[in-house]
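Trainee: Below are the chains, spelled out letter by letter.
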Amino acid sequence: MSDGYIIETRDLRKTYHVGKVDVPALRGVDLRVKPGEFLAIVGPSGSGKSTLFHIIGGLTPPTAGSVRVADQDLAALSEAGRTRLRKRTVGFVFQKFNLLPNLTARDNIAVARYIAGADSKPDPKFDELLQRLGISHRLDHKPNSLSGGEQQRVAIARSIVNHPAILLADEPTGNLDTENSKAVLDILRDLNERMGQTILMITHNPEAAAVAYQTIHMLDGRIIETT
Amino acid sequence: MTAKLVLENLKHKPMRSLLSFLLIGVPVTLILTLVGVARGMSEGSQQRARGVTADIMVRGSNAGNTFSFGSPAVPQAYVNYCETKVPHVKMAMGVINHALDLPLFMTGIDQDQFNRFTGGFHYLAGQHGLREPYDVLVDELYAKQRKLQVGQTVRMVNQDWHVVGIIRSGKLARIAVQLSVLQHLDSADGMVSQIYLKLDDPANSDAVIQYIEEHTSLKVNTMDEIVAMYDVNNIQGVTEFLYVVMGIGVIVGFAVVCLSMYMAVLQRTREIGILKSLGGSNSFILRIILAEAVVLGLGGTVLGILMSYGACWLIRTFVPASLPMIIVPSWWPIAGAVTLVGAVLGALYPGLSAARHDPIEALAYE
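Those protein sequence lines, which keep their order, are chains A and B. Okay, so the first sequence: first residue is -3 according to my numbering, each after it adds one. Okay, so the second sequence: first residue is 194 according to my numbering, each after it adds one.
Just chain A, same shape as in the assembly (with noise of 0.2 Å):
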């Protein structure tokens, strides 16, 4: 891990091409982010925090600038690399949720197991977590059966059963209500005291941002502020 980071970023930059007009979505972050750190990352649409969020988590390349995730150097990775790191390396939160809506809640997290190799011995641990997320008494439930907090703690599990380094969350609460909202934001607290999960969280809510302990600001593609 260089320098003891796990996400490390400079000048990151990347352009989308709409048409025949450049869009700069990233205009030269830096960014340093140590194991075991849960960050927030706030700004205003069109700041850049998706892109960046989706860079680190190798579903797009940067233009420009170095980007290092767990020791992989993402810019010089070909899409098959991208797709290895998405296997075990990163976990994926979404405010959709994002469940396969065919497959149980079991299923769902059985899926990502499965393609990431992993072997379909129970895991104790794991099943445990699940106690702890409150969601094993509904895993043979498809999403449409399941509420909003139900499926988003399905989706944390998820995201964590092949034990990645980083957990990304965008916008985690965005669909919830105050509850369940509540719920998520301790659920995800837990799982960087307790397991030590790396964590970076995009967010509007500033009552989510606070759980965080360090909040990065964004806007027009730049970090403007770390507090």
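These are computed hints drawn from the structure, not numbers from a lab. These numbers were taken from a predicted model, which means no experiment stands behind them. Honestly, I wouldn't trust all of these hints.
Claimed, not checked - Between beta-carbon pairs, the in silico distance windows are: (1) V437(B) / S132(A): 58 to 68 Å; (2) K204(B) / R23(A): 44 to 54 Å; (3) D69(A) / I441(B): 52 to 62 Å.
Unchecked claim - Okay, derived cross-link-like pairs now, EDC-like style, lysine to aspartate or glutamate, Cα gap no bigger than 16 Å in a straight line: (4) K92(A) / E559(B); (5) K138(A) / E201(B); (6) K278(B) / E406(B); (7) K121(A) / D186(A); (8) K283(B) / D394(B); (9) K178(A) / E146(A); (10) K92(A) / E167(A); (11) K92(A) / E554(B); (12) K278(B) / D393(B); (13) K138(A) / D103(A); (14) K30(A) / E189(A); (15) K197(B) / D103(A); (16) K197(B) / D136(A); (17) K278(B) / E407(B); (18) K92(A) / D173(A).
Positions of the beta carbon are idealized from the N, C-alpha and C atoms, including for glycine.
We have chain A; now place chain B onto it with these hints.
Mentor: Frame of chain A, contents of chain B only:
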């Protein structure tokens, strides 16, 4: 897990899946029905030819190597000639054929000669034998097809015929009338279509054939050769037609699966994005789409086979004599392979298109 993903996808849109199975099954049914009818006709003809219990068949000089029912071209006098002059011939029987709606024929027989030669028909109803000029014997399948019963009148060859007996299928003819009457109606008095010969010993067939060919211009074959001519592979056009239907099967399978999977990929764009976010590779996505196509192909094949039983029932109920279809299980894997080839080819484009989806765009898809 791939199997579960595929099955759950199919269960999620049952109507799409069922329609795909049905449309993929149609060419399977077409292929199996065509093969079944061709085999049924072939085997029925072979059975009727064997039922004559002849050793040799004599035809007109213009007869070809494949079997065809041409105009009566053999002078009837040769019947007597064969029986009295050709060594080793024990009995001879001349018959005349008149094509009705193909593949149905009316066959003119000399009842006494026929009885002596073959032992006669097995009668299921009515009188034994043709007595009056316009008496007709029909087999059980033709009787079923035309809903005929003994005592009824049926019009064929511009003539009213009196059904006097129902015979069991499998011996020479489905529809039998008096030889002289059919000769007269066909303006072929004194002519027959073919002569059947029974020998003192089948081992003398070669000698008999040689003798007749040396002394006449007639075409002579053993009954084994004639039966072989009825084989489905030797009937002109059937094999070619079968290839055309198989080609259509591949194209239909291709088109149905391509359309179905293309729609499925569009509908599941977001799910593809989810799988990619979990680390699903392009080949993993392609494998799921292809696996689903294979399941559609296999399901379509099974449904097509079941529908071929339905087609068989319909054919046997309504046109058992004209289209004597049988079920040919040995063709199930062939029809299945044809469908699977079409299905997999059809799934390639949507599968590759799904595999190439950008995960961010796919996740943002509503």
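Trainee: Now look at each hint and say whether the structure bears it out.
Mentor: Against the structure, the hints come out as follows:
1. V437(B) / S132(A): 58 to 68 Å: holds (59 Å)
2. K204(B) / R23(A): 44 to 54 Å: holds (48 Å)
3. D69(A) / I441(B): 52 to 62 Å: holds (54 Å)
4. K92(A) / E559(B): Roughly 11 Å between the alpha carbons, so the hint for K92(A) and E559(B) holds.
5. K138(A) / E201(B): holds (11 Å)
6. K278(B) / E406(B): holds (13 Å)
7. K121(A) / D186(A): Given pair K121(A), D186(A) holds - Cα atoms ~15 Å apart, limit 16 Å.
8. K283(B) / D394(B): holds (9 Å)
9. K178(A) / E146(A): holds (13 Å)
10. K92(A) / E167(A): holds (9 Å)
11. K92(A) / E554(B): holds (14 Å)
12. K278(B) / D393(B): holds (14 Å)
13. K138(A) / D103(A): holds (9 Å)
14. K30(A) / E189(A): holds (14 Å)
15. K197(B) / D103(A): Satisfied, since the Cα-Cα distance of roughly 9 Å is no more than 16 Å.
16. K197(B) / D136(A): holds (14 Å)
17. K278(B) / E407(B): At roughly 13 Å apart (the allowed maximum being 16 Å), E407(B) and K278(B) satisfy the hint.
18. K92(A) / D173(A): Given that 16 Å is the threshold and the Cα spacing comes to 13 Å, the pair holds.
Violated hints for the displayed structure: none, as all numbered hints are satisfied.
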